[in-house]
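Residue numbers (full-length UniProt numbering), protein chains in the order written: chain A, 1 to 281; chain B, 1 to 313.
Quick caveat, the hints were computed from the structure, so don't treat them as lab data. No experiment lies behind these values; they were computed from the predicted model shown. Glycine is no exception: its CB is placed at the ideal position from the N, C-alpha and C atoms. Do not rely on the hints blindly, as some may be mistaken.
What the hints assert, rightly or not - Taking lysine-lysine pairs in the DSS-like style, the calculated list, with each CA pair at most 25 Å apart, reads:
#1 B/Lys79 to A/Lys13
#2 A/Lys6 to B/Lys125
#3 B/Lys91 to B/Lys79
#4 B/Lys79 to B/Lys179
#5 B/Lys91 to B/Lys179
#6 B/Lys277 to B/Lys79
Claimed, not checked - Part of the chain A face toward chain B, derived, beta carbon under 10 Å:
#7 Val5
#8 Val80
#9 Phe83
#10 Val94
Given next are the chains, with one letter for each unit.
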Amino acid sequence: MATTVKTRHTLAKAGVITGLVIGGLFAGLPVLWMLSTSFKGNGEVFQNPPELITRGFSFDAYREILGNGAQLRFFLNSYVVAFVVTILTLLVAVLAGFAFSRFTFPFQKTINAVIVSVQAVPPITLVIPYFGLVVALGLYNTYPGLILTHMVFTLPYAIIMITAYLNTLPRELDESVKVDGGTSWTTLWRILVPISVPGLIAVGVYTFMISWNEYLFALTLTRTDDMRTVPIGIQLLMGQHSYEWNQMMAMSILGSAPVLVLFLLFQRRFIGGLTAGAVKA
Amino acid sequence: MTSMTAPKAAAPTEEQVTPGRPRSVLARRLIPYGYLSPTVLLIAVLMVVPIIMVISYSFRDNVIVQENSVFAGFANYTKVLSDPDFLAALKNTAIFISVSAVAHLVLGLAFALMLNTQLLSGVTKAIFRIVYILPWLFTIAVIAVIWRLLLDPSGVVNYVLHTLGLIEESVNWLGDPGKALWAVTFVNVWSGYPFFMISLLAALQGIPNDLYEAAAVDGTNWFQRFLHVTLPQLRPVIISMAVLDLIWTSQQFALIWMTTGGGPLNTTEMLSTYTYKQAFSEYEFATASAAAVIVLLLTMVLAFFYVRQQRER
């Protein structure tokens, strides 16, 4: 009896490990191949038979990308846009989250419903009026144009998450400030914001990711190469250099690095916040 | 609108507090709106005004690029709805989103179940979890480039399939009209299942253990427990995720634009790429707006089911 249970346990374990490895290959091999290709010379990219680790291993593709002012400009643009979007989104969302979490007021549910439904509006529907609006406001091909439009996707999620986070903080915290005659403004900035830092970081990371990865508006609302962001830069590389695959892979790795690093640093908090937002919001 | 005045039971009102600072009732009532004003302003500028604009464009002609637009009634809508390219895009989008949603669900659930097993150590599971999440961390531009490399006629996918004897000659996955839609759908499956997986994993961890213990006492096997305990418990999450996924996938633009551009022969044209081409390649902003409004309406139907599902829980 004991042996059969043990055998079945071992079999089950072997089955799960086999499944995990097959799944791991499905998920990981394309990424590994991207990494491998970025270290190849362009002549070796399609060699037959393919090699995961090439004999011609070199950093040339990375040198090309990092030594090219036009490519570095894409990175600068992405960093500027994503960073400012993150700061502004957190600021606006903290104020809104505070209102939703600590006050009761007319139209509360209506405003909340509008914010939630914003997430479902198709970007392709918005991009046409944005184009008209951004041109009319003189924001075409500028940072403010991109920053402002990215916020339509970062803000709703940030507000929902921050409201949920503030709701978990006991209201007795607020009372101490009010007893001293402080205003709600002091309560927010002296008490609630400082202890919400972990939650704000999670929301900030997600906001940064959305803005860093945004493609449609970055494509449509900018015109000159010096205003393009990394996702568009990758596409431009695809057109310009008649398929320098090794450089495209190096650019992709460099372009993914900020998001990968942020994710690995904050993954526990991040996954928790994400599932709470997606499933329960 | 009817329920908006119902206060939340636990929420304290401003009246209870600030005893030291007498303020007018009106000023106190306005405080929350003060905190909300940047949000309301942004939502108005970024959502309400643009949606009114696009609806107005869709009923006019000569918009954006020309000075004097004229009222056109439903002409743009009849033009779009009788365009075979639009109808092809509608059909392609329906296939793309439904196959993606089913595959996301199956893969996400399979991976979540494996990651939730008691049989392996926490470290092993943590490593596999990161590997499984990987595809989701790359921007669509990067995913498009990776898969263009892998699916190239002389790429590694063809090499592997040929070596295994599954194909005779190299296949141009993204360039063959009979295969391109399945190829982009596959890429979308690869890039999108992790979000399902994360949510389902969280839901699995939330199922009370005594449900399984009770089922085990009844002498059920693994599959029966999966069928009668796990699936019913996951049902609300699965339905919510599936509807969300249909909404998100229907809005997928970058992947199609950077892999096939809607080709070959419109076989991967989606509602998003069709609309984009009308506007920014053909400069037919009025017809594009009509298409954009139709996309919005279709999305609202899906969103309605999502909201209803959320309410029932």
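query: For which of the previously enumerated hints does the structure constitute a violation, in increasing order of number?
result: Numbers 1, 4, 7, 8, 9 - these are the hints that the structure violates, sorted from lowest upward.
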